[in-house]
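Residue numbers (our numbering), protein chains in the order written: chain A, 1 to 412; chain B, 1 to 331.
Treat the hints as calculated values from the structure; they're not laboratory data. Please read all numbers here as calculations on a predicted model, not as lab measurements.
Computed spacing ranges between beta-carbons, pair by pair:
| no. | chain 1 | residue 1 | chain 2 | residue 2 | range |
| --- | --- | --- | --- | --- | --- |
| 1 | A | T261 | B | D140 | 28 to 38 Å |
| 2 | B | E196 | A | D394 | 46 to 56 Å |
| 3 | A | Q260 | B | E196 | 24 to 34 Å |
| 4 | A | N172 | B | D279 | 31 to 41 Å |
| 5 | A | P230 | B | V57 | 55 to 65 Å |
| 6 | A | Q260 | B | V236 | 35 to 45 Å |
For each residue, glycine too, the CB sits at the ideal point set by N, CA and C.
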Amino acid sequence: MKEMKPSRHLVGIVIGLAVFFGLEHETGNAKTVKDTKSLCLECHSKIAELTNRVTVHRPVRDGQCTVCHNPHASKRASLLADDDSNLCYNCHDRGGKGFTGTVVHKPVGEGKCLSCHDAHSSDRKGLLKKAEGDGCFSCHPKEGIIAKKNIHPEVKKGRCTVCHNPHSSDLNGLLIKDKKSLCAGCHPGAGEIFTKAHLGYKVSGTDCFGCHSPHSSDRKGLLKTTLHKPFGENQCTSCHSAGSTAVVKSGISLCTECHQTSLAGFNKINSHLIVGSNDNLCITCHNPHASDEKHLFKDKEDRVCYGCHSDTKEYTAGSNHKHSKLGICSGCHTAHGSNSQFFLTKGTDTCAMENCHSTQGKFTHPIGEKIIDPRSKMPMNCSTCHNPMGSPEDALLRFEKDTELCIQCHQI
Amino acid sequence: MSSDIESGDRMMRNKMEARGKRAIAKIFFYCLLSVTCLLLFFAVVSFAEGKIGVKTVAIITGDEIMGRFNQPSGLFFDEVKKRLYVADSGNGRLVSFDSEFKYLAELTDEGMKLPTTLVRNKEGQFFILDSGKAEVIFIDLEKKIVKSFPLTGVPSGKEQFIPGRIAIDKGNRLYMIDKLNRRIIVVEPTGEFVREISVKEKDFFGFTDVKVDESGNVYAMDAIAGSVYIFDDKGVIVSRFGKRENRKYALRFPTSLAVDKNGLIYITDQHAGRILVFDKKGVFQYAISKPGAKEGELSSPSYIFIDNERRIYVIDGNRIQIFQEEKEGNG
Numbered sequence: 001m002k003e004m005k006p007s008r009h010l011v012g013i014v015i016g017l018a019v020f021f022g023l024e025h026e027t028g029n030a031k032t033v034k035d036t037k038s039l040c041l042e043c044h045s046k047i048a049e050l051t052n053r054v055t056v057h058r059p060v061r062d063g064q065c066t067v068c069h070n071p072h073a074s075k076r077a078s079l080l081a082d083d084d085s086n087l088c089y090n091c092h093d094r095g096g097k098g099f100t101g102t103v104v105h106k107p108v109g110e111g112k113c114l115s116c117h118d119a120h121s122s123d124r125k126g127l128l129k130k131a132e133g134d135g136c137f138s139c140h141p142k143e144g145i146i147a148k149k150n151i152h153p154e155v156k157k158g159r160c161t162v163c164h165n166p167h168s169s170d171l172n173g174l175l176i177k178d179k180k181s182l183c184a185g186c187h188p189g190a191g192e193i194f195t196k197a198h199l200g201y202k203v204s205g206t207d208c209f210g211c212h213s214p215h216s217s218d219r220k221g222l223l224k225t226t227l228h229k230p231f232g233e234n235q236c237t238s239c240h241s242a243g244s245t246a247v248v249k250s251g252i253s254l255c256t257e258c259h260q261t262s263l264a265g266f267n268k269i270n271s272h273l274i275v276g277s278n279d280n281l282c283i284t285c286h287n288p289h290a291s292d293e294k295h296l297f298k299d300k301e302d303r304v305c306y307g308c309h310s311d312t313k314e315y316t317a318g319s320n321h322k323h324s325k326l327g328i329c330s331g332c333h334t335a336h337g338s339n340s341q342f343f344l345t346k347g348t349d350t351c352a353m354e355n356c357h358s359t360q361g362k363f364t365h366p367i368g369e370k371i372i373d374p375r376s377k378m379p380m381n382c383s384t385c386h387n388p389m390g391s392p393e394d395a396l397l398r399f400e401k402d403t404e405l406c407i408q409c410h411q412i
Numbered sequence: 001m002s003s004d005i006e007s008g009d010r011m012m013r014n015k016m017e018a019r020g021k022r023a024i025a026k027i028f029f030y031c032l033l034s035v036t037c038l039l040l041f042f043a044v045v046s047f048a049e050g051k052i053g054v055k056t057v058a059i060i061t062g063d064e065i066m067g068r069f070n071q072p073s074g075l076f077f078d079e080v081k082k083r084l085y086v087a088d089s090g091n092g093r094l095v096s097f098d099s100e101f102k103y104l105a106e107l108t109d110e111g112m113k114l115p116t117t118l119v120r121n122k123e124g125q126f127f128i129l130d131s132g133k134a135e136v137i138f139i140d141l142e143k144k145i146v147k148s149f150p151l152t153g154v155p156s157g158k159e160q161f162i163p164g165r166i167a168i169d170k171g172n173r174l175y176m177i178d179k180l181n182r183r184i185i186v187v188e189p190t191g192e193f194v195r196e197i198s199v200k201e202k203d204f205f206g207f208t209d210v211k212v213d214e215s216g217n218v219y220a221m222d223a224i225a226g227s228v229y230i231f232d233d234k235g236v237i238v239s240r241f242g243k244r245e246n247r248k249y250a251l252r253f254p255t256s257l258a259v260d261k262n263g264l265i266y267i268t269d270q271h272a273g274r275i276l277v278f279d280k281k282g283v284f285q286y287a288i289s290k291p292g293a294k295e296g297e298l299s300s301p302s303y304i305f306i307d308n309e310r311r312i313y314v315i316d317g318n319r320i321q322i323f324q325e326e327k328e329g330n331g
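Isolated chain B, as found in the complex:
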């Protein structure tokens, strides 16, 4: 009888011990799961916050030789010559840098007043928006030509033509914003009219920036509405997304846009002090940088450009910051 009781007690003890071990194992498992979830959460947040995945390649603020920038407004990376050109508007000059972003030279000309945006074609000719003269200037350094870029065959709009930012495609066609007529004019390198791109939507205020991808798709921004329009290579609207909203990762005060080889759209937001990345459908992907004055932080980004190596050039006040994404599987 007593041995039955003892064996019963033993069984009970063993059972209790087993349950205890299982409970400890469960607690350990849940702790591990919680920590993993927490780590995953912080990884996602860090990524969205721009803390990982992007490094600052260079910051250009000027030096004793080139002097300081004064209101740089536009830049262009020449893939052929591997040179960076900056429209240093306040100083009325173009400044060039080598592939390691070392200062090379500056270009000034009496015919150029306030250069604000520029592109360079494969022949090495520049097309520069001169906001001071409200015209596009053509510069051929080899032939030493600086002149107004003549347009032919452009259908007259209701208003006079005052050009805004310009972009160039791989076929050397130019895409120029016609500010007052709220359209984009596409012209051949000769200035001959190809087509115009416009939208008829009621809440459309006008284009403020334009870029073209490798396939000839056109990406344009309406900064007042906070919208991005995507057109195909025939100028037909493919999609539109975005509106100005005062919340995190929404467009508050968009200033410029660029598109990478994967079709991701990068938008600088001056009031958010960030670059927001969206896919073509307008789905937010992640943010780069954060507001601030330190290296890698943005205080008032106003222009963005992405080169073929997916380096991201941002004009931020009187400095230029160059970022490189380090994400795997996205390049």
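Just chain A, with the same shape it has in the complex:
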């Protein structure tokens, strides 16, 4: 009896697999009685009308319905051949131009291309479902963008893509250029009116967003809502040398000369007195001129905090369950300094502040100084069981509530 060498087995297996997949492939391309275009349109006659629009998706135009749809069966709606998040990217390169930025438009990241685009045809360029502005405003409500008296003309026209990339960007806010050069494309910063408006200060090349709202404002010249007092009173020389953007004092003393009590707020057990990348640590978080945010924050509150707490941003973004006030960091944390762990405004009572969770501990699991966690031998508080920064579990629990949570302490 002749023994077969293992290599021969291998060859046999390879041939077998090749034959199997070859046949499979062949059956997958079983000849249809008609070409797919006419075959599908026999029943789906309305689709034929869609091909008369200005822009038609190429597979629709070419009658390649099976590029996206399975003609027999699918577990997905509309007999789609793949999940929403993958379907478009089977043809359109995820790594293609405009898609490689670090900041990704949410629907793009989730593969929800059909939020903005029509899969078959459209009367608009780029297969857009709605006119550019209307499409954007359907998710980004007008109230937050153009509700104010004076509206940036391009915003009014709904031409959002003049400044924003709808897919991705390396810049916050999906901007197409950095803030210092974005506005200069239309507002070159030369001329008498421009210079006069800025009281003779050479502001070209600076960040216009520091003082101006790019969308709308109740103030003339689209100035932001809250103005730093000397700025609002044209007292520029309080901080700047006359006619120059150079500041009269370096570092934090520029601010503490007026805001004398602010520095004392940092003299706590936990202090945010960390200089950061700016010479003046105050402008790490605050805008010295104008802001649409409270406390003259230089950006939306969560963006300011996440600027340094990038890992928290990533953690919360990846959590299935998020605290409802997650973006309002100052709702629970003190920004300058705190004698409580995690800079909490009221220590372990923070959760019960302002009637947020005032009933906790009264009729639920007891908490407080006398209730000791047997694992840590420390008093229990809300964060013993909940992680307010986000969790994969319901109610921001640290463990799965039916099988893991209680047995952490209550042994069966």
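Based on these hints, arrange chain B on the given structure of chain A.
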């Protein structure tokens, strides 16, 4: 003829049997090899996970006599007196423990508001960072002196001097973080200026912790950048490693650092709930502990200190955990 056939069959049978035995031996060998590899793999993983090699020596949470800690922020083990001192910041006191970590006494003083970091020199004098007053306090218990620690000859920076964490070397020199001027000031025990240590790198945000080893090398942390800087005893930068990254065994939210006798650098990571150990080149060695509330687990480690016996002291919320490594050949 038939005997030839029989002997041929026998030979064939013998051959087959031999092959069968060899095959079984091979299977057995590969099984053994796989199991060994698997065991080795789990041993490495367990070690990296901190499951072996470290025992919890003590956990201090307080008792009826001393009360509970309230935001302890810094601690120091006095090798001369063999005592542990803790800056119990929220209670505005220093608490001392004996070499077996039994409570001894507490020290409070009107001149001390929020003690957050402390060191003690060989003469038994304390230098305490008081964050409430934004100054360093000098305490001599024998002479009953509590006063601000005066500095002389320190070159003025662009900003006012607001001290951060402090460290001490074997020559009793003090290393104080100058928070706003982004430097470390080295002074004699008298307060006389020796040198300043700073870096000019673009992505440097400022020092948040500092420790000194037996040779006078200085280890400093920039928590925002997630970087560790190592300087020699002259204050010249020797190396820098680390950046904040959201992956296992990378620095996510480093809070404090310590160095052992072998030059290994231990870093507490508050968001990872672990201690990560690196060599001087920044190569990750292993992790100690894991996130959690149980004994030996860490929920939010904020400060670390290592004594000469390589006991690792970690402030974890309102408790202090003391670990001892049990690894061979590393001590």
